[in-house]
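Engineer: Each protein sequence line maps, in turn, to chains G and U. Counting in our numbering, the first sequence runs from 1 upward without gaps. Counting in our numbering, the second sequence runs from 1 upward without gaps.
A couple of the hints might just be wrong.
Put simply, identical chains are the same to the list, so a pair is met inside one copy or across any two.
The calculated DSS-like cross-link candidates involving lysine-lysine, where the alpha carbons are at most 27 Å apart (straight line), are [unchecked claim]:
| # | residue 1 | residue 2 |
| --- | --- | --- |
| 1 | K2 | K50 |
| 2 | K34 | K86 |
| 3 | K2 | K51 |
Simulated from the structure, these hints should not be mistaken for lab results.
Number of protein chains: 2
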Amino acid sequence: MKFSARFEYALLALLYLKCEPDESPISGRVLSEKLSLPYRFLEQILTDLKKAGLVRSVRGYHGGYRLALEPEEISLYDVFRVTEGKLEPYNCGQGENGDRCGQSYNMCVISSFYDDIKDTMTNLLKSYTLDKLCQASRNMVKSPPPRVANI
Amino acid sequence: MKFSARFEYALLALLYLKCEPDESPISGRVLSEKLSLPYRFLEQILTDLKKAGLVRSVRGYHGGYRLALEPEEISLYDVFRVTEGKLEPYNCGQGENGDRCGQSYNMCVISSFYDDIKDTMTNLLKSYTLDKLCQASRNMVKSPPPRVANI
DNA sequence: CACAATTCCTATCGAATCGATGTAAATTAT
DNA sequence: ATAATTTACATCGATTCGATAGGAATTGTG
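Turn these sequences into a full structure, and let the hints guide you.
Structural biologist: Here it is, written out as structure tokens:
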């Protein structure tokens, strides 16, 4: 299981925006340079984030991006929904694929497993907010990893 | 997030093998017909399951497949490993991509999130064994879904 | 007004992955 | 020998993914 580059880039961008608050909006160009990410691709992700309402954009000369919500209100679940799409392994019953349980009596038990994993993932993703992540990041910078005392 | 067809097919095949125990081995052809799955593709999955040691195969005339382990010993984690590959979103530190934390100080905090999700998924997958799933399946068949009394 | 910097929309490309099919060889009970 | 099977490898079409490109629309500044 791997997360897409979209997810990581979106997350890095959001974390950067959170860490430079109250300033004038930050342009996609600057963002891509600061994070060493491909410019066009990043902006394409930023528009997705905007459509989802996580980010606001200011057009024109001194335009750029800023957070649209408070950092406590943005969770990794939101970012996941934007970049990875639905969190639906499959839904039993009448979906676009018809009745899966009808195909095989074992399909139903698989679907119940899917439900479980979906809930678990959802809860975990929702428990991570931008704010928490940024705090954790600051702690890492402030207190470097403990070193083993050499004699 | 979606699971691959490989995962589902493997699971369906294993559940079928578990439900027809102690018999002569079941051929890939029969398996594919009973489950209405593409023959070649299924057998390709079965060889993967064999390489992983979840299934044994008997060649020749009355050959086929049977479980290599007890149903309590086969978990969805094993199936996942076979069909979906590694459960590593990424590892911080010295991986094939070099030091990810060096690229950006926020990369480290993302990696710690990855660790969390990896552990959670692993535990969940390991908690589902073939045996449990088959029991759940039997319960579903025995007790049909409750119907709303009409008048 | 003209210009420059920016967001935004859409199209496309190459590589990789995925589901699936095909061919052919090795194995084994009858 | 023969029929049925596992096994291995090659390929194919479609989709997705990461990334690039061109060109609009928007907006502050000179």
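Engineer: Run every hint past the structure and note whether it holds.
Structural biologist: Hints, one by one, checked against the model:
In the homo-oligomer, the alpha carbons of K2 and K50 lie at most 27 Å apart both inside one protomer (24 Å) and across protomers (25 Å), since each shortest distance falls under that limit. Taking CA atoms no more than 27 Å apart as the test, K34 paired with K86 passes in neither setting, with 30 Å inside one copy and 31 Å between copies. Proximity of K2 to K51 under the C-alpha cut-off of 27 Å is found in both arrangements, the shortest distances being 24 Å within a copy and 23 Å between copies.
Consistency note: the structure conflicts with earlier hint 2 alone.
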